[in-house]
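Colleague: Fit chain to chain and form the complex, with the hints in mind.
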Amino acid sequence: MQQDYQQMLQAYATAEGNPLIFRDSRIAHLVVHKNKVLGSHLVAGLELVPTEEEEGISLKLRLIKNTRLEYPVHLCFGIIPEEGQQVIRIQADIEDNASIKIIAHCVFPNAVRIIHKMDAQIKIGDNSSYEYNEVHFHGNNGGISVLPKARISLGKKSHLVTNFSLLNGRVGLFDLDYDTVVGEDSSLEMSAKIYGFADDVIKLKEVGRLIGRNARGVIKSRIAVKERAQSEVINEMIADAPDARGHVDCIEIIQGNATAKAVPIVDVRNEFAQVTHEAAIGRVDKKQIETLMARGLDEEQAIDVVISGMLK
Amino acid sequence: MKEQKVILELKDIRLSFDGRDILNNLSLTVREGTIHSILGSNAAGKTTLAYLLIGCCSYIPQKGKIFFFGQDITSLNTTQRARLGITLAWQEPARFEGLTVHDYIAVGMKQPDEEKIRRALANVMLEPKDYLDRQVDKKLSGGERKRIELAAVFAMEPKLAILDEPDSGIDILALDNIISVIQALKEQGTTVLLITHREEVSEISDVTSLLCSGKIVKEGKPKEVGIYFKERCIPCPVNVCPTSNTTLERK
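Protein chains in written order, with this note's numbering: chain A, -9 to 302; chain B, 2 to 252.
Keep in mind the hints are simulated off the structure, nothing from the lab. Since we're looking at a predicted model, the values are computed, not measured. One thing to keep in mind: the hints can contain errors.
[Said to hold, decoys possible] Capping the alpha-carbon separation at 30 angstroms, the derived lysine-lysine pairs in DSSO-like fashion look like this:
1. A:183 to A:91
2. B:140 to A:183
3. A:139 to A:183
4. A:210 to B:130
Pulled out of the complex, with its shape left as it was, chain B reads as follows (with noise of 0.2 angstroms):
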């Protein structure tokens, strides 16, 4: 079977802020239409990761390229690189009031089509007609917004998503569903870079890569990075894991 392309790949990248690093010596290759997810505790520096690969103006490392496609991308701006087809849904997505639903997710649609703003919103479970003139602002609930801005990503169609904890805030019923969206994203041909803490959620990749005090400690198949992660990470390949204490309580 052919190898896939490699779609991102970031070498060696450290970023700190106020002298204290957050993304250590942290290499990782993606790979075209996979969902790779990346698996970590809080403050492992997932969020982190996701800013730096979206290109957030604070977010540029101190050592290290991005690469996609080939290209050099480590000093392109957001706009530059969603024009390139990367775009990153928020794990707490901005409230914008006077906008509705269908001109949020219209906005980041090259040629917006109104049947398919509508079929992105249903497959996040959101019947189109009580929601697209609805304001994207703060009275819809934390999940609600968190379903629009997959919608959103999911109508861009771009060739990579950073989906940062998308299961966060959602309640247990609706997990399937963000899960068939996900994977539904991958049938459409966009690769996914899925952030998340929980192991039963990445087991939906086809690579995990585990992040740990800002650098990648261990990567391979879903289940078998996901058991290590629930079984404590012992052996830790990390003397210093600032988060050790809360993942033996995990247990």
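Same shape as in the complex, but just chain A (with noise of 0.2 angstroms):
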């Protein structure tokens, strides 16, 4: 138990986690190997009881009424062999005038067959504020699915953020599938950036749904995938509420034979609300790249910038 421990410390490190974190008492963390809780440590006014069932876990999350958390809650995740499954199931409830930042590192350095499973219900009460942000690091081999899928609410004059990221390793397959209800006057902010390539393959869905009068949205994609790998992302922004104010926003860049497909659904339901949407894929643009040559970088060097940029 000591030794997975260390491992996945050790790979959290890798993902560019600060372990020192895990020492920290200020700071609530949970650290999960397959479906052994292998440390955990709570803050006042956080809630988070997880139970070990046979394929992963489960975890109840409850932030009680009026607290505002100073430091992010740190989440470890993974599996260090080379074969395994994890399911992780959440049940976040986020109560009212309440506040809270997640940072989740989800680490498979060895993955040869692994399956990543995340199955999450949130709800976020009145005037709160939900951030995750979910940094994959999967190692070289390709051989894993990450498949998350989140049903999220939001009560009114509330903010939500997620932020997903994969660049470091091989993507595998990865099939995310997020839907977000919003309400009065709150907002959501949605946003993933993943690099495929070798025979990578990307299925990214997520759905905005302003019910509420005065509901923000914005769902962000950036996506780079080289040499065979496919990506595919749906965005769609329903907005059916007086005032509902939408935007999606997609770039996609290509290179070698890989391919890469965007849908931008924009569904408005109501006069009085505006929804956008901006889709862009192709190779990196010449510009940039002549610009960047003209500082004296090589053309891959180039390409490098503006993706890691994008990336960023």
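Modeller: Next up, the structure:
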């Protein structure tokens, strides 16, 4: 168990996490290897109840009313061996007038045949904020399927931010499905940044439902694929309330034999609502490359600078 | 006084697109350590000349040669030319999502140096603490982006800086600053090829070449060439000048 913990922390550090935070009493954390909880720490106002199950864990997270956490909560999930399955079921309840920021690192440094599945139900009350940042590290084998699914609802005057990034190692198969309902005067910002190569397959479906008056939503995707990788991005924004405003923004850069598809869906059901979209797929802009070449970079270096900037 | 070395020489350049000559029989000599301006109206071929000099991929001359310190660079690509010490400040510089001003300036420096990056920004009257962490993206105004472009060129310390209309899109109050940056480039040892359509801007140069219909039609002291340009280029040395109507209207 201790060995698993050390290996998880090592992988966590490789994924640009700082293992020292697990010793900081001000910071809540949870470390889960496969279906075992290896470490956890709570802070006032936060309830985190993990239950070990056969294929993973179920996790009940409750942020008590009027709790505004000063420091981010750190979650670390992963599997160290080459094979295995991890299913994380999350039920989160962010009560009224509360705020939380979560940084989740998912580490699978040796993945050859691994399935990592997340199924989250997240309820955010009124006048609250919930920020969820998820960073993945997969190693270089590509034998992994990542299947995150979340159903989220936002009350009134609340704010949700999700940032997903998968930039280190192979993607494998990635199939994300997030659906968020946004209430009155609330806002949603969903962003995903993924770099796929070899035979990686990226599927991204993010839906924002602006059902409350003056609800706001932005869905932003930045995808780069090269070699034989494939990506398909579906960004859907539905505006069904007066003064609702939404925007979907997808940029995909392709190189080599990679393929990319973007499907922006803009669905406005109220005459006083507005949703805009922009989507672009293609090579790196020629002028950007030439500008950097005029500073002395070769073409490949220039492309790297443009892509890493876009995915930063 | 010892004559300065020739840094750049174009010999009898012809560049055409779709059968139409954009540059034709163009020859030009630029001396090291000078500010040499290329003055011309719209459609004279100024930006095409800039792209040809930096080696943009479709700007390969059908005829003629380009020499840099005597070395034939006609077949070199942009990277190779930049590594020899040539760079370009673009008239409409590209935007880069996610790339900070700091990193954009640093990318062209042989040895990135924080102090030099700060100084380069301060030179173009942009407060370093307000700009270093900003992204070189569409949130910058056109004027800010152009100043950052000049700062990047300044920090790179190239041997030859081609500045394509650095004064366009810059408000009148900032023009003096742009001119002082160009002079600072010269002071740090960079030869400047200043492309402009404003004769008053070309006056800061040591030599002015007047470009019309893709060829150099007059060369000399900036004031002299500037007056000739302002006086509608009469007598016109190019009988088929496509912009003669435009220049008449300028009066």
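Colleague: Confirm or reject each hint.
Modeller: So, going through the hints one by one against the coordinates:
1. A:183 to A:91: holds (19 angstroms)
2. B:140 to A:183: holds (20 angstroms)
3. A:139 to A:183: holds (16 angstroms)
4. A:210 to B:130: holds (28 angstroms)
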